[in-house]
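Engineer: Here is what each chain is made of, one letter per residue.
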Amino acid sequence: MNCDRLNDLLPDYLAGTLPAAINRELQAHLTECSACGLDVASLEQTWEHMAVLADEQPGESMRSGFYAWLHEAERNAPRPALASRLGKVLAGLWPERPALQFATAAAMMALGIALGMMLRGHPAGPQPPRSVQASLPPVSAPPAVLPASTRNTPPIVPSNLVPTAVEQASLVSTTDADEMHALREEVRSLSHLVALSLLRNDSASDRLQGVSYGREMSASDPRVLTALVEAANRDPNDNVRLAAIDALKPLVGRREVRDRLLHGFDEQHSPLVQIALVDAVSASRDRDVSATLRGLLTHPKLDPAVRQRLETNLGARS
Amino acid sequence: MNSTPTTDTELMRAVRDGDVSRLGVLFERHHLRLFNLFRRLGAKPGSAEDLVQEVFVRMLKYSRNFRDDGDFLPWMYQLARNVSVDGYRKRGKEQQQSEDAPEIVDSAPLAPESLERSETERRMRRALQSLPPEKREVLVLSRYQLLKYDQIADLLGCSVGAVKVRVHRAIKDLRDAYHGDMAAAGSAGEVMS
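Residue numbers (numbering that gives the first Met the number 0), protein chains in the order written: chain Z, 0 to 317; chain H, 0 to 192.
Hints were generated in silico from the structure; no laboratory data involved. It should be emphasised that the depicted structure is a prediction, and the values quoted were computed from it without experimental measurement. Worth double-checking, as some hints may not be accurate.
[What the hints assert, rightly or not] Far from chain H, some chain Z residues (derived; all Cβ distances over 12 Å): (1) Thr16; (2) His48; (3) Gln56; (4) His70; (5) Arg183; (6) Arg254; (7) His262; (8) Pro303.
[Claimed, not checked] Listed next, with one range per pair, are the computed distances between beta-carbon atoms: (9) H:Arg28 / Z:Cys2: 39 to 45 Å; (10) H:Asn64 / Z:Asp3: 30 to 36 Å; (11) Z:Thr16 / H:Glu133: 17 to 23 Å; (12) Z:Gly252 / H:Glu9: 33 to 39 Å; (13) Z:Asp201 / H:Lys60: 38 to 44 Å; (14) H:Asp70 / Z:Leu110: 46 to 52 Å; (15) Z:Thr30 / H:Asp70: 40 to 46 Å; (16) Z:Pro299 / H:Thr6: 24 to 30 Å; (17) Z:Ala282 / H:Thr6: 45 to 51 Å; (18) Z:Asp201 / H:Thr6: 21 to 27 Å; (19) Z:Ala98 / H:Cys157: 50 to 56 Å.
Even for Gly, the Cβ is constructed at its ideal location relative to N, Cα and C.
Next up, chain Z with everything else stripped away, as it sits in the complex (with noise of 0.2 Å):
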């Protein structure tokens, strides 16, 4: 290594980001050329000393003055875009799992081929699919003038067959009509997807989200209302299971769904839990719950707080 070698590396010398076999090299060096030495020492030294500047505390005004400035920034902030919010809202429903995101890309694709399949039929605004506008004469109003030709022509389907306007455009509602029912059966079949999914993610505020979206549809669909009954009975989190007796109190009635809760009636060690339970069972108008209930009264280690409230509302009932 010579002098200019050396002035070239120096800078990555002083920094520490040499390579071991040029930092030899260079050491070498310096303790060959006293020069550079004395150079390189002096120059070493000041860099050492620049750690005297330590870091600095600022005035605690600067934080204060900052976050004024930010709470007034985000009240004059433009909401997000329709759209950014949406995707930020579909974002939250992807599901971690990579089977429960197979399945639901499997659906959305099935969606998505079935609205594309549709959207074909309707090259410019709402028309009849193919099969209907073959079969049919068009809706146009007939030309006002005929040709000499055809206007004393019979015509070759009987009159009484064709169908009027007022006939074809109702056939045309119909076919919308049930297209319509697909599409809402194609997009329902995904929001059930979407709620099991997060029924079954392992985040507590997803399956809280799950539950929300359960609610709607638990009365329809009986895997909802089974993984919510699950929910209710089993999930690890008091609040997941105080959401799913809440969604479930609408269908108390029904005795398959109350028998379900009882049974996991054991299984609830909040008091919390169980008083919601309680509650949501004594909803329902039916005259067995008494004797259900007053069978829970006789539950060993009953806690006193639930123990209150099945007396309370067996009271309310008799």
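With chain Z fixed as given, assemble chain H onto it according to the hints.
Structural biologist: Relative to the frame of chain Z, chain H by itself:
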């Protein structure tokens, strides 16, 4: 599920997408670094605080420019650099020079070792402020902000080689200023005695 943003870059993306409150987390992480950057570049404490706030104001103002594949730290330093240059222009060179002047220090008596350290610190600050801004800047970024030479090159828009040359010249100038001050102080002490 989408997780809470935790990295600087994720937080900045959240700010860009409308979650302005995330700027508070970025402030807590970086205000000290920025404050000391401005202090060592020559701003007085009050001015340095204003400049830090200005960096965050610009972060919000230009958040739309923050790309999905962007890296937060270089972007923040770029904003800080612009704020510093604009602040220098706005305040004018005269005021800047007055900021460069040595600060009045507390005259309370200090222990001998504290006195020596305080004197070394004052001399180093004076020597650093005596450098031209472009030399001072590379030393502050490499020695105090611990940026690598390639990061500094990106920030300054020049080659890594050019940064190294500038660092080399800057440290030599700093040494001369620092040791010159030491020698002057030594000879003054001799005259006094």
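Engineer: Work down the list of hints and note, for each, if the structure agrees.
Structural biologist: Verification of the supplied hints:
1. Thr16: violated, 7 Å
2. His48: At roughly 6 Å from the nearest Cβ of chain H, His48 (chain Z) sits no farther out than 12 Å, so the non-interface label is violated.
3. Gln56: violated, 7 Å
4. His70: violated, 9 Å
5. Arg183: Label holds. Min Cβ-Cβ 27 Å, cutoff 12 Å.
6. Arg254: holds, 36 Å
7. His262: Holds, since 31 Å exceeds 12 Å.
8. Pro303: holds, 40 Å
9. H:Arg28 / Z:Cys2: 39 to 45 Å: Check passed, 43 Å falls within 39 to 45 Å.
10. H:Asn64 / Z:Asp3: 30 to 36 Å: violated, 43 Å
11. Z:Thr16 / H:Glu133: 17 to 23 Å: Distance hint for Thr16 (chain Z), Glu133 (chain H) holds at roughly 22 Å.
12. Z:Gly252 / H:Glu9: 33 to 39 Å: Hint violated: Cβ distance 48 Å, outside 33 to 39 Å.
13. Z:Asp201 / H:Lys60: 38 to 44 Å: With Cβ atoms ~39 Å apart, the hint holds.
14. H:Asp70 / Z:Leu110: 46 to 52 Å: Distance hint for Asp70 (chain H), Leu110 (chain Z) is violated at roughly 38 Å.
15. Z:Thr30 / H:Asp70: 40 to 46 Å: holds, 42 Å
16. Z:Pro299 / H:Thr6: 24 to 30 Å: violated, 53 Å
17. Z:Ala282 / H:Thr6: 45 to 51 Å: holds, 48 Å
18. Z:Asp201 / H:Thr6: 21 to 27 Å: holds, 22 Å
19. Z:Ala98 / H:Cys157: 50 to 56 Å: For Cys157 (chain H) against Ala98 (chain Z), whose Cβ atoms are near 52 Å apart, the range 50 to 56 Å holds.
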